[in-house]
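K.L.:
Here is how the chains run, residue by residue.
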Amino acid sequence: MGEGAWKLAVPLGLAQFSFFLAPLLLLAATSFATDENFSQFSVQAWLDVLGDSFHLGAVLNTLRLGALAVLATMLLAVPLALLHMVAGPGLKKIILLAAVLPLLTSVVVRTFAWIVILGREGVINTALLSTGIVSSPVALLQTEPGLILALTQIEMPLMLLPLIAALARIDPSLLDASSALGASLFRTLRKVVLPLALPGLLAGATLVFASAATAFISQSVIGGGRLAYLPALVWQQAMVVFNWPLAAAMALTLMGSVLAVAAALSALARGAQA
Amino acid sequence: MTDLSRRTVLGATLGLAGAALLPGRPARAAGSMTAAVYPGGWDEALRAVLSPALKQAHGVDVAYEPLFAVDQIAKARAARGTAPFDVFVLDPGPRVSGIDLGLFEPFDPARLPNRDKLPAGYADTVGAGVAAQVVGIAYNPKKLAKPAGWRDLFKPEYASRLGLTGFGTTFGTISLIEMAKVFGGSESDVEPLFVELRKILPQVAAVAQPAAMAGLFQQGQIDVMYTNTYTVTLLKSRGVDIDFAVPETGAAAFGTTMHIAKGSKNIDAAYQYIDTMISTPVQAALSQAPYFFVPVNTGVTPGADVPVKSLDELKNFVSHDWSKINPLRARWIDRFNREMAK
Amino acid sequence: MLEQMPPADAALVTGTPAGHRLDMDGIRVRYGQATAVDDVTLTVPPGEILALLGPSGCGKTTLLRSVAGFIRPEAGRVLVDGRPIDHLPPGGRGVGIVFQSYALFPHMTAAQNVAYGLEARGRPQKEIRQKVEAALAAVRMEAFAERRPRALSGGQQQRVALARALAIEPAILLLDEPFAALDRALRLDLQLEIKRIQRRFGVTAVLVTHDQDEAMSMADRMAVMRGGRVEQVGAPAEVYDNPATPFVAGFVGTSNRLHGRIEAREGAAYRIRLDVGASLVADSPRGFAVGERVLLTARPEQLALRDASDPDPAAFPARLRQSLPLGPALMHDVEAGSTELKLHQPRHGAPPVPGPVRVALLPEARPALFAAGDAA
Chain A
1 MGEGAWKLAV PLGLAQFSFF LAPLLLLAAT SFATDENFSQ FSVQAWLDVL GDSFHLGAVL
61 NTLRLGALAV LATMLLAVPL ALLHMVAGPG LKKIILLAAV LPLLTSVVVR TFAWIVILGR
121 EGVINTALLS TGIVSSPVAL LQTEPGLILA LTQIEMPLML LPLIAALARI DPSLLDASSA
181 LGASLFRTLR KVVLPLALPG LLAGATLVFA SAATAFISQS VIGGGRLAYL PALVWQQAMV
241 VFNWPLAAAM ALTLMGSVLA VAAALSALAR GAQA
Chain B
1001 MTDLSRRTVL GATLGLAGAA LLPGRPARAA GSMTAAVYPG GWDEALRAVL SPALKQAHGV
1061 DVAYEPLFAV DQIAKARAAR GTAPFDVFVL DPGPRVSGID LGLFEPFDPA RLPNRDKLPA
1121 GYADTVGAGV AAQVVGIAYN PKKLAKPAGW RDLFKPEYAS RLGLTGFGTT FGTISLIEMA
1181 KVFGGSESDV EPLFVELRKI LPQVAAVAQP AAMAGLFQQG QIDVMYTNTY TVTLLKSRGV
1241 DIDFAVPETG AAAFGTTMHI AKGSKNIDAA YQYIDTMIST PVQAALSQAP YFFVPVNTGV
1301 TPGADVPVKS LDELKNFVSH DWSKINPLRA RWIDRFNREM AK
Chain C
2001 MLEQMPPADA ALVTGTPAGH RLDMDGIRVR YGQATAVDDV TLTVPPGEIL ALLGPSGCGK
2061 TTLLRSVAGF IRPEAGRVLV DGRPIDHLPP GGRGVGIVFQ SYALFPHMTA AQNVAYGLEA
2121 RGRPQKEIRQ KVEAALAAVR MEAFAERRPR ALSGGQQQRV ALARALAIEP AILLLDEPFA
2181 ALDRALRLDL QLEIKRIQRR FGVTAVLVTH DQDEAMSMAD RMAVMRGGRV EQVGAPAEVY
2241 DNPATPFVAG FVGTSNRLHG RIEAREGAAY RIRLDVGASL VADSPRGFAV GERVLLTARP
2301 EQLALRDASD PDPAAFPARL RQSLPLGPAL MHDVEAGSTE LKLHQPRHGA PPVPGPVRVA
2361 LLPEARPALF AAGDAA
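Chains as they are written, first to last, in my numbering: chain A, 1 to 274; chain B, 1001 to 1342; chain C, 2001 to 2376.
By construction, these hints were calculated from the structure, which means they are not laboratory data. There is no bait here: all hints are sound.
Below, in silico cross-link-like pairs of lysine-lysine (DSS-like), each with a Cα-Cα straight-line distance of 25 Å or less:
#: 1; chain 1: B; residue 1: K1155; chain 2: B; residue 2: K1342
#: 2; chain 1: B; residue 1: K1155; chain 2: B; residue 2: K1199
#: 3; chain 1: B; residue 1: K1236; chain 2: B; residue 2: K1309
#: 4; chain 1: C; residue 1: K2131; chain 2: A; residue 2: K191
#: 5; chain 1: C; residue 1: K2126; chain 2: A; residue 2: K191
#: 6; chain 1: B; residue 1: K1142; chain 2: B; residue 2: K1236
Kindly produce the complete structure, drawing on both the sequences and the hints.
P.N.:
Following this line, the structure appears as structure tokens:
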């Protein structure tokens, strides 16, 4: 590499700094400021977030929501991706289309569609009531299970696509080899397919986790006011209450915890690859 | 309820939520100005009625920036006091915040040729009232008997169908204060409300963001909520089973005001915009279907579906002192979050 | 890589098990309209290697996959020691397979790969450990037991694949183009070694290949396939010397093709007038009528260059275009009219000068004779 080649990286570096790092630093500074001119600083906002059981509970709720969304999408995406792997070209296309379709609709539309499905007079309850399985409507909207159900559909592509890609990379003769060596289908899945699909699974988990934990619209609209998650609290503190330091501290807490989980998952993925 | 009306209402709700997320602001052209507007119905109404009237009367083009009142204040604050638009449209709470933060140009009512049409006190040194809002109880007449007042909402048959929303909006704050008063509280003391809320909380049908309330009502998730007459008439016109009930303690009313943003480069156009807004033809058109605004122009008779028959009637409605409420609101919002959390 | 012969008595150490007989009986496989394997019947005696040789698309891999159990044939049976195994899944057939891509599990070490089949069969840990060690030792990979496939060379991967296939002590070993991914220099060494290991284990084997040299060097017998059918089965030398069809003559080894007409019968042989202008005698197991058009195929080493002035009527005029040294031999590139010929001769002295020559069949040569209708 020639001398001064680093100069080529300067524009990108500057752009990174001014559009990504600088706002982040500003956010960090805001979390410590006590006034808009940054003349005085305090750690009060951080104490309010990390030393308060309600806010701490919201942090844990948010992480829990992300984790449950990951589990739920995985439960559905793994069989679907396996079906895609063994399917003929026609069915493959249908599965792929179904996987990508949600990405083509706005998350707002998808979220509101779930109100229609999960509501007291929604599709699910109407079906349950008319078949006599339940005698009064089941609470789905504004419950954590309902929110996870909706997030499962909303975030599914993020899990399914990396998984399908990972499975497609598996040499089909590995499956033949496993079966010829006497392994059952289940053993082949457990010992060969899933370990080899692990990088895709972890990539999907990272994406779903980050996306579900920060799904502001779905959390507020489907989850409702009784489930406290960080994104809505950040919005409320910033836009309604104007407590910017608290909003900044919560935003950074959210970012930090999501990044930590993502980093842990990608470390796992590297371990699985080695 | 027809599918069409379902979709229409869903669409309107989507508009509200979607627009709230839209960033950026339109560029200003010469002979033009930018005005903030509430997303959804207000946005539709002003584009359809006010824009052509303004263009015709003064040759001014207006670009709208759809923002809720609190978002307008937040944006102006974030821009260090210089709003990215020329005119605010605000509820009383954010209006007081705006005054406290010095976000408005001094306002001279004399520059509004139509000021004579406004009742006394509707134009002052910070801005002018352009519409009124009446807040009370909305319920589904097919599912529930008409509630007599706020106290009824805490009875099991209503509580189990009730949608709650917090102190984040003006109508929410006013309604919750009115409930507090019924149980012995006041404008500055909502503690009795929380005591009662705690009792019914396990039954309530939903606790939601204000923007989600209309959608939840339309989908039958909730059958009673507190809101303004404007929302009720709008939903009703779209086929939703909804009626407005004036509580026995009286409906609460508040004015919606417009203000010129500090540092605006289009002050003349801004005055023309506000003046056209209060003009008789515009107020008359806005008070009719499908907009149902409560007019402030004394020369306009409210539309048949607007639950206020004359401006004089408004004087009898309950009003609130936002300079007392505002300092307490942040604490109430936080308190509401914690009380509601499972 | 250093590939050395193990001690000659290595075979005795393992206690060679008795081999098993494999029968493919009337196997037919169809993909939609296309018949991939058309009524193939083959027998592999215990302990032998049968090579399925043919160009791509001839059905050899489909046949192998039918034996392995990956494909259910439309008709026919597969039998081991006379017992049908068609109803059994691949894992239950006692068949070990070495795949073209080796198909080693990339996330497992060599030892884990070899242990896989034994674990799937639920063998006790102690036995697994011993057998894995023995199998890796047999392919001389014991030093690489803890390596992942990615850290092994192509040849090493192939031996691990072989060890994995043999560890389950299969009755039949199937080798699907096992050398295709290896460079040429390595191939012969590994071919010899695999054949040696196969002998030592006494395992009956089927080798699929499109490489005639590979088939010749490894197989006890070869089945040449074309269009889903077996054209000829026999020992490699027999197939080479007496090709049953012009296709076999062309596919196994190099053949020069000369057209002509039967002039007369001479005892058990025929006198043939070649179109290139020579009259010669050749015998054939097939019967021909006088005047019938025939195709004569001769190996490069069955033809010889003569001086342009040679008066022998069995020689025909041609032109030498060039001579290329090919190891110990010389390859002559010759044209006779529009017919191109290749001739091999031992290299001695200076190469002949390009120009007019005559070409004759060597006296001891036995060219193959086909009716001209047998195209290809």
